[in-house]
Amino acid sequence: MSELFTQAILIAMFAATVRIAAPLLLVSIGELVVQRAGIWFLGVEGSMLMAAFAAYFISVASDSLSIGLFAGIGMGITVHLSMAVATVTLKINQFITGLGINLLASGLTLLLYRESLKRFNGEVPTVIPFETVALPGISQIPILGEIFFDQHIFTYLAFAMVGVVWAFLYRTRYGLEIRALGENPKALDIKGLSVSGRQYAALAFGGTMAGLAGAVLVLALTDRFVPNMTNGRGWLAIVIIIAGNWKPLPILVAVLVFAFLEAFQLQAQGIGLDIPYQLLLALPYIGAIVAMIGLQLRSEQPAHLGVPYHRE
Amino acid sequence: MTISDYRIEKRTDVGAIGLFMQALIAITLAFVASGLLLTILGFDPVAAFDALHKGAFGTWRNAQGSLIHAAPLAFTGVAAAVAFRARIWSIGQEGQFFAGAMMAYFFTTFLNLPALIMVPLVILAGALGGGLMGGLSGTLKTRFNVNVVVSTVMLNYIIVYLLSYLLTSRIWMAPGEYYLQTDRIPKNARLPDLWPETDLHLGVVLAVLTIIGLHFLINHTTFGFSLRAFGDNAVAAHFKGVAPKRMTLIVLTLSGALAGLGGVVQSFGVDFRLSQTFLYGHGSAGLIVAVIAGLRPLSIGLVAFLFGALAKGGLFMQVMADISSAMISTMQAIILMFFLVTSVLFQYRLRRISQDV
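So the protein sequences, as listed, match chains B and P.
Quick note, the first sequence lines up with residues 1 to 312 if you use this note's numbering.
Quick note, the second sequence lines up with residues 1 to 357 if you use this note's numbering.
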């Protein structure tokens, strides 16, 4: 009896890990491409938050989840491209622009949320979230099927993106060019290839992923927007990229570790473990510092990360 | 024949006047944009800004309130400036602000001494709390090569959960208390008012002294010279005898201590309690203040006063026009964004070139 119970809890916890991993994986993979292109974008947190906000309100207004989803992606792209204009074209400091985007996103979404609450008479409308899609056949496999193959379509997409981005970065010419941007943008410029064009493209991709991640957060994992609901996921994405040494597969592993910490926290609160819940909530952030201490690999860090390219 | 032509060229230094003009333009544009935002939200921007102005400067007492709101921002502002001057990207001011207030409060839980001893003690405790937090990021960087951005952001989240734990576990909270806040700070530990019938307290004086002190430290001492040299070119500074690890550790500890002092000034001078809502947002606002002031301590005093007025006026605007206090943090961020964009314009100048043909 109790063994069955333990097994059920473990399966639920691993399934939750995979579910929670989806937005974190999407945003991390997007940021990976951005950083590989030499842009040190710290505004992912804000981009994701703005996207979650847009996805939620547009789906409530249009009564359509898919319109909300596209609004979220559109917002992610918009925020990321404003980063491109500021840092690639205008060459403004990447660090401060990224922070500015975060502060603006956090202030603006809180303001708009509170003002719209007045209009809803304090009653927050909810969306009916996307349902999970059980893959025919393989979802019936005991244990594994429950953990991996009864998930949201975005979860399958997120895991697939790891392979897609790996193949893109290491097996295509465009991928090689993106990696070269982070290492030695001058080499591309000399060959007559546009540095800024590629950096815009990388940020547009990052925006699509961050936007999707934000939308998944409100439209699939929960059913409403809550102020600052990204709660550091954008920052964790940056930690994950460093911990994963700027490589897609180690990044996947790092994402799963952080998602597990969050799933553990949810379960532990559920079964009433006698640990202060604040300690559980702080686990990912403590884990991030521990991971940074333990993992000293920096071999794949783009040499030109955060350095704006000036043609001399 | 002489042909006059104009060429755009890059400036090496914008200079104090250029910076002032730039900030002025950015703030003006930010007010226009915020007015638009208010209009879209269905408010009357003229009435809103009128309330903002009255709240900040309407009476002598309100103006004092603006100064009081400015004091903690001056501390987090110089904290950010010290780090950024050395090109160390610490975003830890928010958490260090919490840590300073928390360390000082911790001392009041077991010490009860006359104000003459207690007040200097809590001030030092604040510097200690913030300094330890900053020093922790510094040690993580120098010993384990942990990215400073990452460690400071993570510590910002962790310290907030620590305060929350100390409150909900009732360690720092009275049994009957409903709101998540500490018990009131005893009178003998509070920063005293400057004269009877004013809210201006010792923290405002400390802020002014700190700004002046930092101005001299950065511009007129050997340490300040090393710090600037380190920021301009860490490798070259190393050859001149500035040890990078030691500098990183000192800068992050100093920056943390300054932010921690801000936390004491806010909670021991104004709120007389600690709570997440009271402490929240001072770090990010200070960071914006520092950037707009061009990381110069004296200018930080000026911009902090402006942001203090914005915060004070914002409270009045909330009461008078029912506009959420989030409008103020939004306006701060809008000011920063416009400042960044206008900085591009000020990097260049038009120069007339004459050519003989």
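Calculated from the structure, these hints are not laboratory results.
Don't take each hint at face value.
Unchecked claim - If you only want the chain P side, here are some residues facing chain B, beta carbon under 10 Å, derived: (1) VAL149; (2) ASN233; (3) ALA285; (4) PHE316; (5) MET320; (6) ASP322.
Heads up, the beta-carbon is just placed ideally off N, CA and C, and yes, glycines get one too.
Structure-based check of all given hints:
1. With 10 Å as the threshold, the beta carbon of VAL149(P) comes within range of chain B, its nearest partner Cβ sitting at about 7 Å, so the hint holds.
2. Violation of the interface hint for ASN233(P) is found here, the shortest Cβ-Cβ separation to chain B being roughly 14 Å, above the 10 Å cut-off.
3. Interface hint status for ALA285(P): upheld, as the beta-carbon distance to the closest one in chain B is roughly 9 Å, under 10 Å.
4. A distance limit of 10 Å between C-beta atoms decides the matter here; for PHE316(P) the minimum to chain B is near 17 Å, and the interface restraint is violated.
5. Violation of the interface hint for MET320(P) is found here, the shortest Cβ-Cβ separation to chain B being roughly 16 Å, above the 10 Å cut-off.
6. Satisfaction of the interface hint for ASP322(P) is found here, the shortest Cβ-Cβ separation to chain B being roughly 8 Å, below the 10 Å cut-off.
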